[in-house]
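*Asks:* Chains A and B are the protein sequences, given in the same order.
To convert, take the position in the first sequence, counting from 1, and add 1344; that gives our numbering.
To convert, take the position in the second sequence, counting from 1, and add 637; that gives our numbering.
None of these hints come from the bench; they were simulated from the model.
The structure presented is a predicted model; accordingly, all values stated were derived computationally and were not measured.
C-beta atoms are modelled at their ideal positions from N, C-alpha and C, and glycine is treated no differently.
Be careful, since some hints might not be right.
Partial chain A-side listing against chain B, Cβ under 7 Å, derived [to be verified]:
| hint | residue |
| --- | --- |
| 1 | 1368 |
| 2 | 1372 |
| 3 | 1388 |
| 4 | 1392 |
| 5 | 1426 |
| 6 | 1437 |
| 7 | 1443 |
| 8 | 1446 |
Straight-line alpha carbon distances no greater than 30 Å define the calculated DSSO-like cross-link-like pairs of lysine-lysine that follow [as the list claims (entries may be wrong)]:
| hint | chain 1 | residue 1 | chain 2 | residue 2 |
| --- | --- | --- | --- | --- |
| 9 | A | 1403 | A | 1361 |
| 10 | A | 1361 | A | 1399 |
| 11 | B | 715 | A | 1401 |
| 12 | B | 715 | A | 1415 |
| 13 | A | 1415 | A | 1361 |
| 14 | A | 1403 | A | 1415 |
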Amino acid sequence: SQKIEQNSEALNIQEGKTATLTCNYTNYSPAYLQWYRQDPGRGPVFLLLIRENEKEKRKERLKVTFDTTLKQSLFHITASQPADSATYLCALAAGSARQLTFGSGTQLTVLP
Amino acid sequence: DAGVIQSPRHEVTEMGQEVTLRCKPISGHNSLFWYRQTMMRGLELLIYFNNNVPIDDSGMPEDRFSAKMPNASFSTLKIQPSEPRDSAVYFCASSLSTSASGELFFGEGSRLTVL
Chain A
1345 SQKIEQNSEA LNIQEGKTAT LTCNYTNYSP AYLQWYRQDP GRGPVFLLLI RENEKEKRKE
1405 RLKVTFDTTL KQSLFHITAS QPADSATYLC ALAAGSARQL TFGSGTQLTV LP
Chain B
638 DAGVIQSPRH EVTEMGQEVT LRCKPISGHN SLFWYRQTMM RGLELLIYFN NNVPIDDSGM
698 PEDRFSAKMP NASFSTLKIQ PSEPRDSAVY FCASSLSTSA SGELFFGEGS RLTVL
């Protein structure tokens, strides 16, 4: 069956360090993968998209990689700040479908 | 734009009662999604509309759940009768199907508690 796993439900890091979050999937051939941020009591907010033919995408302090051989995406936040503390969700869209399937999320806490 | 607007933000009801959740998508968006979020199961897609037509409702848990989109600016998700296991946060999201990013814009959610 199809599965999306975001390992480590919670990740604590020190301010200024790079946070690395992992998204692994099985039995998918995703057309693209997205990352969202969710704050408590709020809806998810889109951060980045990376397509199956792209290896890496950057946006300010954010970097996403996509390895379709390993079936894995890595999400990096460099020079992390306490304001980056949130839950981060990866989401996959397979084929021509517009429906996104979400991982369970990783709760990131950046300690001052 | 005000973004995706959901109501009510919070609803507490008793088992067996009917619950109606409402959503106003972003103007101009032609795709609308209903998701449910729980601690145990995360974000699950319930149903997806494109141009007001239901495309995929395979995520709707059972016949107690129904969703409608009578026009491009309004959708409802109804649960009748409600059960305690329906307690969750229900999110509505909209997008533009021609968007290159396929980005979803989520509302703030409706937190449902069924006693």
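*Asks:* Which numbered conditions among the earlier hints are violated in the structure presented, ordered from lowest to highest?
*Replies:* 1, 2, 4, 5, 11 and 12
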